[in-house]
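A.B. asks: Sequence:
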Amino acid sequence: MTPNKKSRPPVRRKKSNKTLFAAIAIIAIIVISVGAYAFLGTPGNQPTNPTPTPSTPPGTSPTPDPNYEDATKVLLETSVGNITLELRTDKPITSGNFENLVSQGLYDGTIFHRVIAGFMIQGGMVTSQTIPTINDEIGQNNRNSAYTIAMAKTSDPNSATSQFFINVADNGNNMIDQAGTRFDQVYTAFGRVIEGTAVVDAIANAPVTTNPITHENSQPITTVTLIRATLIS
Numbered sequence: 652m653t654p655n656k657k658s659r660p661p662v663r664r665k666k667s668n669k670t671l672f673a674a675i676a677i678i679a680i681i682v683i684s685v686g687a688y689a690f691l692g693t694p695g696n697q698p699t700n701p702t703p704t705p706s707t708p709p710g711t712s713p714t715p716d717p718n719y720e721d722a723t724k725v726l727l728e729t730s731v732g733n734i735t736l737e738l739r740t741d742k743p744i745t746s747g748n749f750e751n752l753v754s755q756g757l758y759d760g761t762i763f764h765r766v767i768a769g770f771m772i773q774g775g776m777v778t779s780q781t782i783p784t785i786n787d788e789i790g791q792n793n794r795n796s797a798y799t800i801a802m803a804k805t806s807d808p809n810s811a812t813s814q815f816f817i818n819v820a821d822n823g824n825n826m827i828d829q830a831g832t833r834f835d836q837v838y839t840a841f842g843r844v845i846e847g848t849a850v851v852d853a854i855a856n857a858p859v860t861t862n863p864i865t866h867e868n869s870q871p872i873t874t875v876t877l878i879r880a881t882l883i884s
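If you number the sequence shown the way the working numbering does, the last residue is 884 and the count never jumps.
Just so you know, these hints were derived from the structure itself, not from any lab. Among the hints, a few may not be true.
[To be verified] Pair ranges (Cβ atoms, derived):
hint : residue 1 : residue 2 : range
1    : T874      : Q791      : 35 to 43 Å
2    : P808      : D741      : 18 to 26 Å
3    : S754      : T832      : 28 to 36 Å
4    : T740      : R879      : 18 to 26 Å
5    : D852      : P717      : 38 to 46 Å
In this text, a Cβ means the ideal position worked out from N, Cα and C, and glycines have one as well.
Take these sequences, add in the hints, and give me the full structure.
C.D. replies: In structure tokens:
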């Protein structure tokens with residue numbers, strides 16, 4: 652006996668909607684395309700790429716200056732990072748002395764023994780041998796502006812040897828004694844930092860303790876070493 656099968660209502664065949672859906676999709680694409688063209692086609696609304704700002708190539712002078720024409724550059728590799736200097740060509744005695752000390756490797760392994768935030772960082776104390784003194788080269792355009800390098804010295808004229816300092820502020824007008832003598836009248840500025848100002852600032856802002864030499868808070872708690880000084884041009 653053939654089992655009874657449940658009766659099912661007849662399936663009503665509907666006409667296919669594919670054609671209708673396709674037509675709607677085409678219309679939608681046309682509408683979107685026309686709207687996009689109307690928006691982007693307007694000259695004032697077209698997206699543009701920003702004009703890149705020209706950057707100064709690494710190792711070049713920040714501003715043209717005849718005193719730095721064909722200048723020698725010196726790389727200071729420190730325990731905090733690298734500093735690149737450019738030496739003035741109109742200070743031949745001072746720049747020449749610095750170049751000689753660098754080429755002899757006498758700065759290698761020395762430390763920044765005196766740092767004062769907002770003022771300067773000082774290094775270059777050579778203890779391995781006696782360094783002869785050099786004559787000052789003050790001139791008419793001697794400027795201890797921010798990130799320039801100058802020779803440290805005693806209060807006596809022509810007493811600079813190997814120690815140097817890098818200004819972290821414009822110290823040219825700072826009074827250094829009761830007579831009113833100013834930095835620019837005493838300390839020969841013979842170069843400038845062209846790369847690594849952030850490293851100079853990091854050294855200047857390092858935590859310090861009492862300096863046994865000057866009895867001020869200027870000796871870095873963590874030693875900052877000048878690992879190597881190299882002539883690079």
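A.B. asks: Now look at each hint and say whether the structure bears it out.
C.D. replies: Evaluated hints:
1. At about 39 Å, the beta-carbon gap between T874 and Q791 stays in the expected band of 35 to 43 Å.
2. Distance hint check: the CB atoms of P808 and D741 are about 19 Å apart, consistent with the given range 18 to 26 Å.
3. Take S754 and T832: their Cβ atoms lie about 33 Å apart, and the range 28 to 36 Å holds.
4. Checking the proposed 18 to 26 Å range against T740 and R879 shows it holds: the Cβ atoms sit about 24 Å from each other.
5. Between D852 and P717 the C-beta distance comes to about 28 Å, which lies outside the given range of 38 to 46 Å.
Taken one by one, the earlier hints fail for this structure only at number 5.
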